[in-house]
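Trainee: First to last, the protein sequences are chains H and S.
Going by the numbering used here, the first residue of the first sequence is number 13, and it counts up by one from there.
Going by the numbering used here, the first residue of the second sequence is number 13, and it counts up by one from there.
Derived from the structure by calculation, the hints contain no laboratory data.
Hints should not be assumed to be uniformly reliable.
Each pair may be met inside one copy or between any two copies, as identical chains are not told apart.
Lysine-lysine pairs mimicking BS3-like chemistry, simulated, CA-CA at most 27 Å apart [claimed, not checked]:
#, residue 1, residue 2
1, K139, K163
2, K311, K333
3, K257, K333
4, K311, K104
There are 2 protein chains.
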Amino acid sequence: MALVSYVLNGKEKESRVGQEIAGKIKQIASELGYQPNHLAKSLRSGKTHTIGLIIADISNPFFANIARVVEDEAKRHGYTVIIGSSDENAEKSRDLLNVLINRQVDGFIIVSAEDSQEQVQYLKDKKIPFVLLDRYFPAIQTDFVSTNHYKAAYNAGVHLVKNGYKRIGMIAYDSQLFHMQERIRGYVEALTDNHIPFQEHWLKRVRISAIEQGVKAAIDEMMASEQPVDALIFATYSLAINGLKYINELRLNVPGDLAIVSFGQAEAFDLYYCPITYLKQPIGLLGQTAVELLVKKLKEPQAEPSQILMEAELIIRASSKTKSLVNN
Amino acid sequence: MALVSYVLNGKEKESRVGQEIAGKIKQIASELGYQPNHLAKSLRSGKTHTIGLIIADISNPFFANIARVVEDEAKRHGYTVIIGSSDENAEKSRDLLNVLINRQVDGFIIVSAEDSQEQVQYLKDKKIPFVLLDRYFPAIQTDFVSTNHYKAAYNAGVHLVKNGYKRIGMIAYDSQLFHMQERIRGYVEALTDNHIPFQEHWLKRVRISAIEQGVKAAIDEMMASEQPVDALIFATYSLAINGLKYINELRLNVPGDLAIVSFGQAEAFDLYYCPITYLKQPIGLLGQTAVELLVKKLKEPQAEPSQILMEAELIIRASSKTKSLVNN
Chain H
13 MALVSYVLNG
23 KEKESRVGQE
33 IAGKIKQIAS
43 ELGYQPNHLA
53 KSLRSGKTHT
63 IGLIIADISN
73 PFFANIARVV
83 EDEAKRHGYT
93 VIIGSSDENA
103 EKSRDLLNVL
113 INRQVDGFII
123 VSAEDSQEQV
133 QYLKDKKIPF
143 VLLDRYFPAI
153 QTDFVSTNHY
163 KAAYNAGVHL
173 VKNGYKRIGM
183 IAYDSQLFHM
193 QERIRGYVEA
203 LTDNHIPFQE
213 HWLKRVRISA
223 IEQGVKAAID
233 EMMASEQPVD
243 ALIFATYSLA
253 INGLKYINEL
263 RLNVPGDLAI
273 VSFGQAEAFD
283 LYYCPITYLK
293 QPIGLLGQTA
303 VELLVKKLKE
313 PQAEPSQILM
323 EAELIIRASS
333 KTKSLVNN
Chain S
13 MALVSYVLNG
23 KEKESRVGQE
33 IAGKIKQIAS
43 ELGYQPNHLA
53 KSLRSGKTHT
63 IGLIIADISN
73 PFFANIARVV
83 EDEAKRHGYT
93 VIIGSSDENA
103 EKSRDLLNVL
113 INRQVDGFII
123 VSAEDSQEQV
133 QYLKDKKIPF
143 VLLDRYFPAI
153 QTDFVSTNHY
163 KAAYNAGVHL
173 VKNGYKRIGM
183 IAYDSQLFHM
193 QERIRGYVEA
203 LTDNHIPFQE
213 HWLKRVRISA
223 IEQGVKAAID
233 EMMASEQPVD
243 ALIFATYSLA
253 INGLKYINEL
263 RLNVPGDLAI
273 VSFGQAEAFD
283 LYYCPITYLK
293 QPIGLLGQTA
303 VELLVKKLKE
313 PQAEPSQILM
323 EAELIIRASS
333 KTKSLVNN
């Protein structure tokens with residue numbers, strides 16, 4: 013049947029199959045409203061030069077900025093980026109993957125949502141090229157580039173201990189995602205490694221679907237105890253923004269009443285009355301590397317997965333000032 | 013040939029054309045690697061149920077939040093949204109439109125980039141359904157939903173005059189886009205209508221490709237004059253963020269040295285030491301209405317364009333406090 017295929021793709025002299033038969037096949041195909049399957053075609057020709065980028069939440073400036081970097085880098089490589097936002101929702105993530113697979117993207121860069129592990133396994137099984145960005149599943153061998161979330165949280169905890177804080181809390185998401193587990197693990201180990209016995213009520217887990225109320229309740233509980241926390245690590249940008257607004261409402265002084273370190277980064281941290289110490293993830297390098305890994309994957313689908321962890325940098329500012337200096 | 017088409021789409025009993033012929037046609041189609049043309053199919057069935065959203069800059073929280081609303085609203089209507097960011101660049105916008113047209117979206121919601129008027133005209137000529145969001149071209153009859161940018165800027169200017177400010181500046185983009193012209197016009201008319209003769213050096217236009225340096229130079233010039241401005245309107249969020257950082261660097265007090273009103277909205281304005289007065293655009297309503305107009309357009313392609321202007325709300329906070337109170 014290869015000969016017939018040639019006819020419709022116009023790659024062979026029609027004489028090889030006979031003009032009459034060729035004409036008939038073309039007529040049938042045309043009358044059926046059929047045209048070459050672009051997916052099959054692009055699999056043969058190599059590329060549609062389009063990348064699908066699935067991010068977890070477009071309204072989070074960390075992901076919005078990552079998207080901007082991915083686009084710039086993809087353009088340098090000759091790719092156009094189509095973006096979908098899963099809003100941290102596995103069902104929406106599945107819809108988007110389906111839509112973009114049907115739209116014949118060459119491959120994906122994905123910031124995975126909660127409970128989307130099966131989708132990643134599916135892509136892997138179907139040999140659809142992808143790179144995970146920022147979040148990955150240790151149980152699945154995939155290409156990924158991510159911040160070392162454990163180390164980042166560990167450094168934040170050690171920094172607060174060294175600056176004299178003794179009751180250090182963390183507000184995190186109630187999530188099974190590995191990066192969140194790693195942030196929690198890093199925080200807990202920073203305390204125990206530095207002779208501060210971790211106390212369960214210092215760690216609050218907030219549901220992602222009810223951040224505002226969750227953060228308020230968490231701070232209320234932490235501050236109401238006889239020995240309120242004197243420092244707080246926010247495990248994400250959204251937790252921090254909600255937390256800082258509530259801390260202002262409560263008229264708590266930062267860092268006098270409560271020192272702050274946060275994940276995420278945003279103009280809001282710079283413009284706060286007491287600039288916020290934060291873990292600066294290498295957004296530019298993360299985005300660039302994700303594109304490079306995907307481009308490499310598209311060229312060499314059989315290559316071993318590349319798995320890259322990058323370090324976050326702790327940007328130390330007034331919100332976590334040495335405790336003895338604050339009280340002066 | 014309609015009968016044969018039915019066979020492959022599985023909509024007709026095979027007996028009508030004879031099982032043998034039906035089987036043969038299917039076999040040929042399959043061996044050719046052909047599948048139904050989704051575009052042709054969707055043209056007949058109506059929809060692919062996918063919307064392309066082109067935003068001007070994904071890293072601007074105003075657009076990121078609009079994207080989030082459009083997605084939620086589209087999902088309610090049974091549509092999936094694919095996003096592209098033009099980064100305020102007409103060439104990138106054209107690439108994205110092409111990619112998404114080839115990806116067979118049903119229609120577009122577009123926040124237009126500079127110099128993209130021809131693209132809008134092209135979509136209109138080709139009868140590709142679209143709705144313009146936030147920015148529109150008065151010379152082209154299209155569906156659009158936008159803030160009344162003129163009125164918003166006018167209200168900001170009047171508010172500052174009423175609160176006792178006499179030398180009111182504006183930093184805007186050096187852009188031909190209509191919404192920017194309207195913001196400038198509103199600012200100028202607010203002054204002249206209130207007996208403050210507008211002075212050319214109060215209005216600075218910053219190139220979008222060099223915001224940071226442009227804003228610094230603008231503020232330097234405005235403050236260096238013998239009669240420095242005592243209030244400043246930022247015409248966009250990015251201008252404001254860069255401006256506020258520089259105002260902090262210069263250790264200017266807000267509003268004592270300089271009152272501030274800004275377009276755009278973001279957590280940064282809430283968390284600034286002196287909360288920023290801003291023009292709150294109805295993001296939720298803008299996004300919802302854009303989706304509704306597009307859905308309507310898809311159902312009735314021949315209907316007259318809907319053109320909707322919405323009012324921004326001036327959220328008054330400490331950064332534009334009555335001047336006599338500031339000096340006490």
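Trainee: Against this structure, judge whether each hint is valid.
Mentor: Results for each hint:
1. K139 x K163: Result: close neither inside a copy nor across copies, 32 Å intra and 54 Å inter.
2. K311 x K333: Classified as neither: same-chain Cα gap 49 Å, cross-chain 60 Å, threshold 27 Å.
3. K257 x K333: both (20 Å within a copy, 21 Å between copies)
4. K311 x K104: Answer is between; shortest inter-copy Cα gap is 25 Å, intra-copy 29 Å.
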